[in-house]
Every structure is written in structure tokens, then in C-alpha cells.
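S.K.: Given next are the chains, with one letter for each unit.
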Amino acid sequence: MTQASLGESVVQKTIHATQAQNNGVAANVTQTQPLWLLAEVTYRCPLHCAFCYNPTDYDKHTQNELTTEQWIQALRDARKLGAIQLGISGGEPLLRDDIEDIVVEAKKLGYYSNLITSGVGLTEKRIQAFKDGGLDHIQLSMHDITEEINNFITNTKTFELKKKVAAMIKGHGYPMVLNVVIHRYNIGHMKEILEMADALGAEYIELANTQYYGWSLVNRSQLMPTKEQVDEAERITNEFREKSGSKMKIFFVVPDYFSDRPKKCMNGWGEVFMIVTANGDVLPCHSARVLPNMQFPNVKDTDLGWSWKDSPAFNKYRGDSWMKEPCRTCSEKENDLGGCRCQTFLLTGDAEAADPVCSKSPHHHLIEQAILDSRNPTIAAQPIVFRNDKNSKKIIAGELKDRVDEFHALP
Amino acid sequence: MMDNQIQNEDIYTLAPHHRFQWEEAQSSYVILFPEGMVKLHGGAGEVIKRLDGKATVSDVVADLKVTFPDAENIEKDIIGMYELALSKAWIRKV
Numbered sequence: 001m002t003q004a005s006l007g008e009s010v011v012q013k014t015i016h017a018t019q020a021q022n023n024g025v026a027a028n029v030t031q032t033q034p035l036w037l038l039a040e041v042t043y044r045c046p047l048h049c050a051f052c053y054n055p056t057d058y059d060k061h062t063q064n065e066l067t068t069e070q071w072i073q074a075l076r077d078a079r080k081l082g083a084i085q086l087g088i089s090g091g092e093p094l095l096r097d098d099i100e101d102i103v104v105e106a107k108k109l110g111y112y113s114n115l116i117t118s119g120v121g122l123t124e125k126r127i128q129a130f131k132d133g134g135l136d137h138i139q140l141s142m143h144d145i146t147e148e149i150n151n152f153i154t155n156t157k158t159f160e161l162k163k164k165v166a167a168m169i170k171g172h173g174y175p176m177v178l179n180v181v182i183h184r185y186n187i188g189h190m191k192e193i194l195e196m197a198d199a200l201g202a203e204y205i206e207l208a209n210t211q212y213y214g215w216s217l218v219n220r221s222q223l224m225p226t227k228e229q230v231d232e233a234e235r236i237t238n239e240f241r242e243k244s245g246s247k248m249k250i251f252f253v254v255p256d257y258f259s260d261r262p263k264k265c266m267n268g269w270g271e272v273f274m275i276v277t278a279n280g281d282v283l284p285c286h287s288a289r290v291l292p293n294m295q296f297p298n299v300k301d302t303d304l305g306w307s308w309k310d311s312p313a314f315n316k317y318r319g320d321s322w323m324k325e326p327c328r329t330c331s332e333k334e335n336d337l338g339g340c341r342c343q344t345f346l347l348t349g350d351a352e353a354a355d356p357v358c359s360k361s362p363h364h365h366l367i368e369q370a371i372l373d374s375r376n377p378t379i380a381a382q383p384i385v386f387r388n389d390k391n392s393k394k395i396i397a398g399e400l401k402d403r404v405d406e407f408h409a410l411p
Numbered sequence: 001m002m003d004n005q006i007q008n009e010d011i012y013t014l015a016p017h018h019r020f021q022w023e024e025a026q027s028s029y030v031i032l033f034p035e036g037m038v039k040l041h042g043g044a045g046e047v048i049k050r051l052d053g054k055a056t057v058s059d060v061v062a063d064l065k066v067t068f069p070d071a072e073n074i075e076k077d078i079i080g081m082y083e084l085a086l087s088k089a090w091i092r093k094v
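Listed in order, the protein sequences are those of chains A and B.
Each residue of the first sequence is one higher than the last, beginning at 1 in full-length UniProt numbering.
Each residue of the second sequence is one higher than the last, beginning at 1 in full-length UniProt numbering.
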């Protein structure tokens, strides 16, 4: 799955709503309720996407997944805390045979539920069960308009299947919500991707520029497009938005490496997002386990309310009292809250430093170097490390060191 | 161009794939839709609540005037909410 797909547009929406306060609508930007619950129900996945944000050592967590009962309890507890948007994600959630039960419970509890899927494993029987059970929408990942790139970047032959699944989703009266992760291999096809989405009748499409965590960090030099390509992609997207007359809502998630200010990661640590991982860890963001000296609670033995409100891990980076210079006295600190803790630690080795994306960061040269590396033909020619069990086992065993050594934790 | 003109006799309802509900944990109404939600403060929620696919804009205004007799200039706010909701595609004309 893609990190960018999970919630950034929620943030966009709340920002829009803030602008409309005169009409009585107000956003909940400093909310400290977990409005979003992301259930990463499994790390198993039939696809092997080079840009996957899942931890590279995910293979450790494929044998100790939560049971159906444990998921249902987590859903109930999170709902009590105020969670309302539920993302059922992975890995590929459809590899579990109890998604139907989870969907029924989600409906009963009043969640707005979303299945985030590659489409592999979606059958007529299952989608009908989801519809009957009250699943609200399905977000399908698409990769390119060409079979070649789709199959290359996912390391699977799934192009035809995706088209079939898209038709199935539409056929069952679901809104068509597409997520396309953008990288070097498909960024040149932006117009065609948008036309494909329109032709499929998509109501929403998220063009999620790759952010570098997990497998995508290992493959950063192989995936990163150039600044010029990103600018051109954005221009094409804007042009499509204005000219097409399409009803499709398009979200273009800007890649932070080419900004001079970091993203307000997860809309703030422990502000609105809560993730429960396949093995039950409760996290404020997808990658939080890379951080040092942190003990994340687990639903198997810890009350979810305590985890959210009181656990040291969730309180560690709430607000701004943890900040150092240059963030502490920065006039813009409220805009981005210092950026992403995980990215900062992975790249700098100091979790409390400013996100190196920021041009005010003393570590900003690391981002500039990464951009240069991605344009270095020798480095960029290294093979992609696809996300699969074999590579995960290798990384756990300390192989592939040359690809992970520059980072301060295993991505 | 007429699309965003709210007329008295128009009837609106929630757009497809949108859900409107009361959220106890936040003490407010919300609209939920793919990839997002908006929290509606008092008056805004009261307007959306009345969009049942049967009530005209005039009906909604009249009903809210009865419910909130002390609110000043309420009609302007109500139309403003219709315009916002329509521009955001949270609602559609029946």
C-alpha cells in the first residue's frame, strides 16, 4: 500500500472546511481523537511493489496476525474513542477470509469503511458480501496505463485483473476511488492515467507521489523522478482538472523531497490517525516502529484508550515541546510541526531534529544528495529490491546491507 | 452556470456515497465520504439534516426560522450553506 493514500486527502478536506468557517463549517485540525483508524490486517501480499511503504522486515509479522475477534474488539474500542473513518488495508487485506466479518462489525458500529486493495482476490461473491455487509467504498490501486509498467513495478502480472476489478467495483454501485503511486516509471503517463481513470468512471483519483519509507526508501534512487517531471505532472493534472469538465476529484500529493518545507506528517503525531498493525501494534503513523527507544502498545495486552491518550509513545511527539532548533523558534512550526519523525530519524539519526526536507534543517544536504544520487546513472542502475518474502527474509538476516546501511534504522 | 444558483423551489439531498450522521464523540454532525469527512458546526448540520429529498429550500428556511426564532439573518446563512455544500459536491439537486 501507499502511505500517501492514507489520509492526506482527509487533511486536505479539513483544510478546505476551515476556509469556510463563515458558513458554519469548522475543521477539527487540533482534534485529539483518532478520527481515522487504519487496520493493517495483514502484511501478506500477492503484489511485490517496489514502492511499498510497509516495513522491509514485515516477514516477522506474517505469523502472528490478530484474530477476527481481536480485530472486532479493536474496532469497538477505537469507535468509543471517536474513530469514524476505517481503512482496511495491508498488505492485501483480501488474503484474510474474515474481511466480511470485519465489514459487518464496522457497519454496525457506524464507521465509514474503506477497503484498500490491489484487487487481487476480489470476486463477485466477496464484493456482494461486502455490499450486503455495508462496506462504504473500495479504493483500488492502479499502476499505469501500460501492461508493461504495471507488471514491472508490481513484479506481477496483474494488469488485466485490475481492469476487471475496476468494472466489478463500478458494477456494484461503489464509488470508483483510484490510487496511483507516481514514480519515475509512470510519471510520464500522467495525462493517459487521468484519461484512463475518467474512462473507468472514477469519482476520485489520488496521484500519490512516492514518499520514501520502507521498500520505497530502499529503492529511492531507482524510483525518484526529476523535479522537472514532477512539475510537468502537476501542470498536466491542473490542466486536466480545468479542461476536462470531468466530475472526477483529483488529489495530487506533492512529493516532499522537492519542497523546501516538510509535510505536516499525519496531520500531527497522535492528532487524528491511529494505526493497528497486523500483529496488533498501535502506532501513530505507518513507520513509527523505526524510531529508537520507543515502546508501542499492542491491542493484545493494552487498552486502546490508554494507548491513544496516555501511552508515552503517543505523547512523545504531540504538540511542539519536544522540538529543538531550528524548529523550536521557527515562525512556521505550526504549519508542519517539524515534519516527519520517522523520515528525520531514518535519514539523520536524530528523531527530534528538523525534517531534512526543510531548507532550514542543518541536514538538508541529505535530501539534496538523495536527489543527486537518483540522477547518478551508476546508483540508479542498481536493481530494484522488490517487496517480497524472500527479500524481507534477506534484509532481516542482514543481507542487502549496501542498500540499507546509509539509514539509521531498517526502513 | 445556473448550477450554483440556489432557488427557493429547489430540492436537495445528500450526494451519492455521502453519509450524514451525528457523532457523539465530537458532539456534532459530520458528512462522511470516500477519503474524507467534514465536521459541521451547529447551524450547518441543521441545514443538512433537513435535506431529505423532499423539502424545498423554502421549506428548509421556514422550518429553521421556526426552530431558531432568535437567529438573525438566518436565511442568508442557510443559502450560504447550500452554496458551500453544492460547491463541495456534498449535496445534489433532486
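Heads up, some of the hints might be wrong.
Dumping the calculated DMTMM-like pairs for lysine to aspartate or glutamate here, alpha-carbon to alpha-carbon at most 25 Å [to be verified]:
| id | chain 1 | residue 1 | chain 2 | residue 2 |
| --- | --- | --- | --- | --- |
| 1 | A | Lys-243 | B | Glu-83 |
| 2 | B | Lys-88 | A | Asp-402 |
| 3 | A | Lys-107 | B | Asp-59 |
| 4 | B | Lys-49 | B | Glu-72 |
| 5 | B | Lys-88 | A | Asp-198 |
| 6 | A | Lys-107 | B | Glu-24 |
What follows is a list of derived Cβ distance ranges for each label pair [as the list claims (entries may be wrong)]:
| id | chain 1 | residue 1 | chain 2 | residue 2 | range |
| --- | --- | --- | --- | --- | --- |
| 7 | B | Asp-52 | A | Asp-260 | 44 to 50 Å |
| 8 | A | His-172 | B | Gln-5 | 42 to 48 Å |
| 9 | A | Pro-326 | B | Gln-5 | 34 to 40 Å |
| 10 | B | Asp-52 | A | Arg-375 | 28 to 34 Å |
| 11 | A | Asp-320 | B | Asp-52 | 54 to 60 Å |
Covered stretches of chain A, going by a simulated chain B footprint (3 or more residues, C-beta under 8 Å) [stated by the list, open to error]:
| id | stretch |
| --- | --- |
| 12 | 61 to 72 |
| 13 | 296 to 303 |
| 14 | 386 to 398 |
Because the hints were derived from the structure by calculation, they are not lab data.
For every residue, glycine included, the Cβ atom is placed at its ideal position computed from N, Cα and C.
S.K.: Now tell me if each hint is right for this structure.
M.R.: Hint-by-hint comparison with the structure:
1. A/Lys-243 / B/Glu-83: With Cα atoms ~23 Å apart, A/Lys-243 and B/Glu-83 stay inside 25 Å; holds.
2. B/Lys-88 / A/Asp-402: violated (49 Å)
3. A/Lys-107 / B/Asp-59: violated (32 Å)
4. B/Lys-49 / B/Glu-72: Judged against 25 Å, a Cα distance of about 20 Å means the pair holds.
5. B/Lys-88 / A/Asp-198: The hint holds at about 19 Å.
6. A/Lys-107 / B/Glu-24: Holds, at about 16 Å.
7. B/Asp-52 / A/Asp-260: 44 to 50 Å: Distance hint for B/Asp-52, A/Asp-260 holds at roughly 49 Å.
8. A/His-172 / B/Gln-5: 42 to 48 Å: Violated, since A/His-172 and B/Gln-5 (Cβ atoms, about 35 Å apart) do not stay within the stated range.
9. A/Pro-326 / B/Gln-5: 34 to 40 Å: This hint is violated: roughly 50 Å between Cβ atoms.
10. B/Asp-52 / A/Arg-375: 28 to 34 Å: violated (58 Å)
11. A/Asp-320 / B/Asp-52: 54 to 60 Å: violated (45 Å)
12. 61 to 72: With 0 residues close enough to chain B, the hint is violated.
13. 296 to 303: Our answer is that it is violated, as 0 residues pass the Cβ test (under 8 Å) against chain B, missing three.
14. 386 to 398: The restraint on the stretch 386 to 398 of chain A is violated, since only 0 of its residues have a Cβ under 8 Å from chain B and three are required.
Of the numbered hints listed earlier, those contradicted by the structure are 2, 3, 8, 9, 10, 11, 12, 13 and 14.
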